[in-house]
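Peer 1: Taking the hints into account, I'd like the entire structure generated from these sequences.
Residues 72 to 261 in our numbering are what the sequence shown spells out, letter by letter.
Since the hints were made in silico from the structure, they are not lab data. Every residue gets a Cβ at the ideal spot worked out from N, C-alpha and C, and that includes glycine. It is possible that some hints are incorrect.
What the hints assert, rightly or not - Estimated spans, in silico, between C-beta atoms of each pair:
id, residue 1, residue 2, range
1, Ala99, Ala208, 37 to 45 Å
2, Tyr186, Pro227, 19 to 27 Å
3, Ser75, Val226, 34 to 42 Å
4, Arg250, Asp124, 16 to 24 Å
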Amino acid sequence: MAESELARRLGARVDEPLELVHPDGTGAGLGTLLGAHEAPGQLHRAFSVHLFDAEGRVLVHRRAADKALWGGFWTNSCCSHPRPGEAPVDAAARRVREELGAEAAGFVERLHHVYRAAFEDVGVEHEFVHVFTGRFAPERLAPAPGEVDGVRWLVPEEVDALLAGDEPTTPWFELAWPRLRAALENDPVV
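Peer 2: Below is the structure:
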């Protein structure tokens, strides 16, 4: 059997373990990165982080062009999957270090949601996503080239414009930002 396009894009990471979940977020066992992202997709735990600076700007980044899914798309500050047994908040802090090359503080889970989205004919995201905010200093940024192709610090209105504009944005960012922005009106990060 020929290797799938998704398997080719994931390379050595195809067997990376991740936590499968039920729609209510309770654990449902272990899967692999490849198995969870092949159509029709297996529901698995993920997180998204929105980092704010002291001026209330949020960091957005363009995913590296060679990412397996949604390469070259603009998205929130950082997103990934916890390792099996790793708390989502700990995974968020770890991936901020790995993807953005710096430490963030004050992680707060603001909401969670389930979504499913297909990327071309390549693969699927079907995730239970923990959405976090955190605080971050722009001068500490050192993005990993294999993860990030560009960054912007945007005020919330500029994030709204990015999502409404012509540049491609990820489906999880499009879903989470309006809900997060509404939640932050009553409980701001800064």
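Peer 1: Against the range 16 to 24 Å, how does the distance between the Cβ atoms of Arg250 and Asp124 compare: consistent or not?
Peer 2: holds, 21 Å
Peer 1: Holds or violated: the 19 to 27 Å window for the beta-carbon distance between Tyr186 and Pro227?
Peer 2: Distance hint for Tyr186, Pro227 holds at roughly 21 Å.
Peer 1: Could one say that the CB atoms of Ala99 and Ala208 fall in the range 37 to 45 Å?
Peer 2: holds, 38 Å
Peer 1: Can you tell me whether the CB distance of Ser75 to Val226 sits inside 34 to 42 Å?
Peer 2: holds, 41 Å
In this structure, every one of the numbered hints holds.
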